[in-house]
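A.B. asks: Sequence:
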Amino acid sequence: MFHDHSRTPSVSSRASDFSLTSPIPPNMIFDFSGPDHSYPFLHSLQSTSYSAFDLATRKSPTNLEAQQIVKPENSNAIHQLSPEDIFVNGRPLNRKELIVLQSCPSPPKKLKPGNYWYDKHSGFWGKQGQKPTQIITPLLKVGDYLKSDASNGRTEVYINGREISKAELRMLKLAGVRCPRNWYFWVNEDGSYQEEGMRNIQGNLWRKAGLKLICALLSLPFPSKSFYSRGDPLVFDYLEQKAIQKLLLIGCVRSGTSTIFKQAKIVYKEIPFSEDERENGKLLILRNLYGYIGTLVKGRECFEEECLNELKKKHSYDETGVTGCGDGNDEKTTYSICPRLKILSDWLLNIMESGVLEAVPTSNLAHAPLIDELWSTAAFQETFNRRSELERLPTVASYFLEQAVDILKPDYKPSDMDILYAEGFTSSNGLSYVDFSFTEPPDDDDIDSDDLHDFLQSYQLIRSPVKGYEENLKWLEISEDVGIVIFCVSLIDYDQFFIDSNGNVVNQMRFNRTFFEKIVTHPTFDQIDFLLLLTKFDLFEEKIEQVPLSLCGWFDDFHPPPNHTSSLGQSGFHYIAVKFKKLYSALTGRRLYVSSVNCLEGSSVDAALKYVREILKWKKEEGEYWDYSTDESFYSDEDN
4 MFHDHSRTPS
14 VSSRASDFSL
24 TSPIPPNMIF
34 DFSGPDHSYP
44 FLHSLQSTSY
54 SAFDLATRKS
64 PTNLEAQQIV
74 KPENSNAIHQ
84 LSPEDIFVNG
94 RPLNRKELIV
104 LQSCPSPPKK
114 LKPGNYWYDK
124 HSGFWGKQGQ
134 KPTQIITPLL
144 KVGDYLKSDA
154 SNGRTEVYIN
164 GREISKAELR
174 MLKLAGVRCP
184 RNWYFWVNED
194 GSYQEEGMRN
204 IQGNLWRKAG
214 LKLICALLSL
224 PFPSKSFYSR
234 GDPLVFDYLE
244 QKAIQKLLLI
254 GCVRSGTSTI
264 FKQAKIVYKE
274 IPFSEDEREN
284 GKLLILRNLY
294 GYIGTLVKGR
304 ECFEEECLNE
314 LKKKHSYDET
324 GVTGCGDGND
334 EKTTYSICPR
344 LKILSDWLLN
354 IMESGVLEAV
364 PTSNLAHAPL
374 IDELWSTAAF
384 QETFNRRSEL
394 ERLPTVASYF
404 LEQAVDILKP
414 DYKPSDMDIL
424 YAEGFTSSNG
434 LSYVDFSFTE
444 PPDDDDIDSD
454 DLHDFLQSYQ
464 LIRSPVKGYE
474 ENLKWLEISE
484 DVGIVIFCVS
494 LIDYDQFFID
504 SNGNVVNQMR
514 FNRTFFEKIV
524 THPTFDQIDF
534 LLLLTKFDLF
544 EEKIEQVPLS
554 LCGWFDDFHP
564 PPNHTSSLGQ
574 SGFHYIAVKF
584 KKLYSALTGR
594 RLYVSSVNCL
604 EGSSVDAALK
614 YVREILKWKK
624 EEGEYWDYST
634 DESFYSDEDN
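Using my numbering, you'd call the opening residue of the sequence shown number 4 and step up by one each time.
Source of the hints: derived by calculation from the structure; they are not laboratory data. Just so it is clear, CB atoms sit at the ideal spot from N, CA and C, and this is done for glycine as well. A hint or two may mislead.
[Said to hold, decoys possible] DSSO-like mimics (lysine-lysine), calculated; alpha carbons at most 27 angstroms apart, straight line:
#1 LYS622 x LYS582
#2 LYS620 x LYS272
#3 LYS215 x LYS622
#4 LYS249 x LYS176
#5 LYS272 x LYS316
[Claimed, not checked] Now the in silico label distances, taken between C-beta atoms and shown as ranges:
#6 GLU405 x MET201: 49 to 57 angstroms
#7 ASP560 x GLU405: 50 to 58 angstroms
#8 ILE269 x THR591: 32 to 40 angstroms
#9 SER418 x PRO551: 36 to 44 angstroms
#10 LYS613 x LEU586: 23 to 31 angstroms
Please model the entire structure based on the sequences and the hints provided.
C.D. replies: As structure tokens, then:
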């Protein structure tokens, strides 16, 4: 900043204390490229020579001017950066612009030599050719004018003349902003936006519900509240809090979070799924169906081979063989199919092994009649009856396999129930949220104002990608404004195992426990209540009769009393609930709420979310004790 001189001006924080230890040579003054109207004191110093008396009698700088001088002088970054190394909107900065940029209230973080773009109207800042990375102080007079291709967008949607990136377009759509092609709109520094050339303000971008979470997951910047709040901030916070209660839905793979989220849309939304979602759902269901059929085909071959081996052990080989509809073997078993269907079977197996199963549904619907015939064979039905012995065949496979004929028709349109059962149905970017309110008012005739407020309260159910939870917990830092965390655990996970990235065999229920510990002890949720939803109780009741709960090491002390009035499934559910409650209490010192839910029943999901409403209501009733219980929905620590 200075021209290789060791002695620099000494400036105090008070303007009246401004002093120089000796006269300043003229070439030691800040080297601005032109007259500086923003810094009149510095500009007035540009003369050939000054005495100490001259300087002392001149007009002292204001506090702001003194701070602007001190801040650059004490900043190592400015000593290291040369203005000509920083390009903003295609033009190198001069020294004055560099000082302005680094001295503003919200400067660019970790500024390095390079090419940047800057939208002075909204405050967006980013590297040339890339999406925005920061929101800095707006209305700075630095650099050139903003170019339309600054962020290398290919969306045909423009903000303040800049064609935005795909991530920004996705953010706008998720926030509910209408974005047709060739659409130009203006975003002001406070987040208000309007169509370019129009006067009417259409809304405020930064006040959109859930946008902070959306921006975090899309790696887009979100401003501090000072950028977009107007008027009394306390009033704004109060209204924002009353407007919506955020519910965070968390769980591992196949814990039921996806089904609960879809069920909430079906129960509370008049139109739960858009046409695009239904079309995507159709392709997803077709891919899944071919996968289920392929799994059964592979299982049929294995079962047939087992039968043949058993037959060979029982009697000697018959040279004449067995005639009829066979599969190329000399013996015919219950699992044998005719050659024509064997060709289809081999084709499906080859498709599965090649890893191109996703391309099958759109180009091979002509196989539908053969698949219908294959499904109807005794061999296939017998294999289906032994589906519990097959890997990677989920319980929902039965639902789709039983209506395979209709699904494989060209005019098939998935129903709400089809989408509900479909595995892997999520939004394209992995982020999911739905705003809802309870449709039925309280039953009491003498409803008071508090009950009416509870009825009118809006909620937002937020679900994020499962892999994002398990692999990276940084996203939790943007979830501090949620009202409650709903953590889902599948009851049937106790006998499920998988191999982790290190090659270790891991019990899925133990993994659920480890993940639960990470979430509940995260600083973000230090004062937030948790509801544990134990899912798939109907399947759990069947499984526990066949597979002991002690197969999971964490449950090795499960010893239900003989002749107990409750069923084995109910005892197991109660035991697991208390296990998690004691773990939660030991980790946090707080009470864990627990409930069961059947994700495939709308009434069950509705009851679970109404239970959430009650928990949030109790949280507001400080100083009072509530003892609430439903059928197996709440357990004290003494219940074990």
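A.B. asks: State for each hint whether it applies.
C.D. replies: Tested hints:
1. LYS622 x LYS582: With a Cα-Cα distance of about 24 angstroms, the restraint between LYS622 and LYS582 holds, given a limit of 27 angstroms.
2. LYS620 x LYS272: 23 angstroms, holds
3. LYS215 x LYS622: Given pair LYS215, LYS622 holds - Cα atoms ~24 angstroms apart, limit 27 angstroms.
4. LYS249 x LYS176: Holds. LYS249 to LYS176 sits at ~20 angstroms (cutoff 27 angstroms).
5. LYS272 x LYS316: Measuring from Cα to Cα gives roughly 61 angstroms; hence the hint is violated.
6. GLU405 x MET201: 49 to 57 angstroms: 54 angstroms, holds
7. ASP560 x GLU405: 50 to 58 angstroms: 40 angstroms, violated
8. ILE269 x THR591: 32 to 40 angstroms: 34 angstroms, holds
9. SER418 x PRO551: 36 to 44 angstroms: 38 angstroms, holds
10. LYS613 x LEU586: 23 to 31 angstroms: Cβ of LYS613 to Cβ of LEU586: about 26 angstroms, so the range 23 to 31 angstroms holds.
Checked against the numbered hints given earlier, this structure breaks hints 5 and 7; the rest are met.
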